[in-house]
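Visitor: The lines below spell out each chain.
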Amino acid sequence: MLPTVELAMLVIAALEPLVLQDYLTVYATRVLILCLFALSFDLVWGYAGIMSFGQSLFFGMAGYGVALLSRDLDITSMLAVIPAGMLIGFAAAVVLGGFLLLGRSPSSVIFVALGTMTGAYAADRLARGWYYLGGQNGIPSIQSMTIGSYQLSEGPIFYYLALGILIVVYLLCRFLVRSQFGLALAGLRENEQRIAFFGYKVPHLKAIIFALSGAIAGLAGSLYAFHEGFVWPNMLGVVMSTQVVLYVLFGGSGTLIGAVIGTIVIEALSFWLSNNYQDFWPIILGVLLLLVIMFRPAGLVSLVLSERERVGNFGRPGRGGDHGAA
Amino acid sequence: MALLEASGIVKSFGELIALDGAALTIAENEFHGLIGPNGSGKSTLMKCVAGAEAPTQGRVMFSGTDITGASPAERARAGMSLKFQITSVLPALTLYDNILLALQAKSSLADLVFSRSRRPLHDRVMGILEQFRLASRAGDPASALSHGQQQWLEIAMALAAEPKLLLLDEPTGGMSLEERRVTGELLQPIKTKCSLVIVEHDLDFIRDICDRLTVLDQGSVICSGSVQEIQSNPRVQEVYLRRA
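Heads up: the sequence lines are chains A and B, in that order. For my numbering, count along the first sequence from 1 and bump the result up by 857. For my numbering, count along the second sequence from 1 and bump the result up by 22.
Simulated from the structure, these hints should not be mistaken for lab results. Just to be clear, a hint being listed does not mean it is correct.
Listed next, with one range per pair, are the computed distances between beta-carbon atoms [as the list claims (entries may be wrong)]:
{"hint": "1", "chain 1": "B", "residue 1": "162", "chain 2": "A", "residue 2": "1148", "range": "29 to 39 Å"}
{"hint": "2", "chain 1": "A", "residue 1": "956", "chain 2": "B", "residue 2": "30", "range": "52 to 62 Å"}
{"hint": "3", "chain 1": "A", "residue 1": "971", "chain 2": "B", "residue 2": "240", "range": "39 to 49 Å"}
{"hint": "4", "chain 1": "B", "residue 1": "152", "chain 2": "A", "residue 2": "965", "range": "30 to 40 Å"}
{"hint": "5", "chain 1": "A", "residue 1": "971", "chain 2": "B", "residue 2": "32", "range": "28 to 38 Å"}
Owing to the predicted nature of the structure, the values given are computational and were not obtained by experimental measurement. Idealized CB from N, CA, C, for every residue including glycine.
Chain B extracted, bound-state conformation:
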């Protein structure tokens, strides 16, 4: 059974049809890339899956449950986690508090009020910061980080809750070449822990880390398959690669 199965997704904004029957299937522990030209509907499909946008039509199944009408919080509690396209760390809070905020999301109200999970979560907070090479700056406000480090922090926040499915919308946007390379290194170890859907313009980056790709054009899926299949698909070359 697939971990995620989105089918027949239509999303319109007034007259504009952003998605026209798009589909996406993700297996467990699969790294899946969503690619396509600008305006092809990649981010919109991601948002429909994550619950940031409600699809006009279609169905989203996650772990065998229909979550089409579920709120983002319900999806997060079911095991889905999103990193936004625009960096959304909490700038006034320290890195430590950003991670703790993500980790404590499933704590009960009583645990939060009496801070019962603060001490038990400490090692996990520091472990995640170390994994993303940010431990030495745990006490700094997130606003003091560079753009690339903020992206890492947000990926770390998204991963903190140990999701079954991680959705990353342009995680290397605005990063230097070196930062992109490090991001690839940081993402590799999570392959055994969860599935990943990634929207990215950097084709080299996506080829390096993804098992399968889905190509969108004008709101529709034009093909889906392994990296090799996609690379050799003449329609993809026609529609996407040539434009890129």
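Extracted from the complex, chain A is given alone in its bound form:
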């Protein structure tokens, strides 16, 4: 069933710019970039059980980083800014992860959640108060990202670029979580102490996946900055961090596809509700989110995927001796 869901979503996503009006394509591009951001959170929380409640720190830092590259150094080439954004997210996650996860004794979920949230909050406050970063207003009018001499402005081309990157990152994450490394992550999530007694270097495993998720969030942040044309402190703060947690919880954590579904459904609902119920749409959205979390704790994806498919099967050979995951 999972491949069917994935394929259906891919076909719909590929056809969208052909049927949507231009302003909706711009909105859909933003949603695709947020899907990328949600994947980064699903990787750490859904697979490794690390509650990174400050995931926006990596997203926002990369956004600010590429905005500065563009503003101060005139660097807008995609080949430079995308790797730079990933590197910024990766480096920030290595530093924060080193502090939060590499201690002698295992870090509790609460410690990591509060530590990452504090990091995001502090970065938000710092950005708001620092004139060089534009203070409350952020950095406006970022130049367009370029590929050679071509300027990538919002529209169908940017949409397909974002879609292509999302597909590549999704497939890489899929490969990773279904590998034996993914099994180790599942062990981490299920019972961290147990796998330490098998000989796994639990803090290292956590730091690796945390840094990788930071790189993906950085990739999303750099794309977001160029797509929106400006960056602002909210990109770094707790609001954005909470938003990504909701995307993943709503769609279904630990499935990858759930993160994508959650992002699309929440953003589509927000768009539609805000146009039709301008005064109280956040209340309706909040109630819907609560209902899903209360009555479908495994997320929307549990409506179409069995538990076996959601948890995964890492080693059991299938019929014909295939050792692939289910």
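Based on the hints, put chain B in the right spot on chain A.
Guide: Just chain B now, kept in the frame of chain A:
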């Protein structure tokens, strides 16, 4: 040279002294039972040896190396394996994946990412499941097993990495008489492969499989010796057997 030598182990939790200078020596291929009344410090001593608790004082030597400050992962990589008192299988994963998870622990990161050891380990995973009479349920989630089968699965997981020393904390806890008998049968063949330290309340079970026993009372070792020596020791009868 002894495989394991724990000496002068003191463990206190605030005012409470759980272990007061306890010692434990295990030879290679020895099956050693830790017995004593409830609260005597058996599980705490096991945890200090395995690295789940850091001793307040004392020293733990393993294969001639001081591992007192080593993490559980370092001890596991040195050849020590633990089965927890409370069953700690990974319930959402299949039996197959539970064993594979234990077996692949020493694989390199690159091997894990590219799943290079999945195929080579397949026969060993199935072999271990067969040894513990669980092969027919390899694809079931561990949560679907009975309590006794979960205990077997956890012993199988602990044995998967071919440890030099296997630590079993109450492996027959909550099992039926028949399951206890089968557990004894399952443990016998490993005698040629590794040493075993076992904490157990079932004295018949422990007499059947152990070569030597150590008796703890109120955090201290009151005697250590062969099963016959322990059975005839008047102090043990006084402190432990009469209470039991």
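Visitor: Are the hints correct? Go through all of them and say.
Guide: Results of checking the hints against the structure:
no. : hint                        : result
1   : 162/B to 1148/A: 29 to 39 Å : 33 Å, holds
2   : 956/A to 30/B: 52 to 62 Å   : 36 Å, violated
3   : 971/A to 240/B: 39 to 49 Å  : 40 Å, holds
4   : 152/B to 965/A: 30 to 40 Å  : 39 Å, holds
5   : 971/A to 32/B: 28 to 38 Å   : 34 Å, holds
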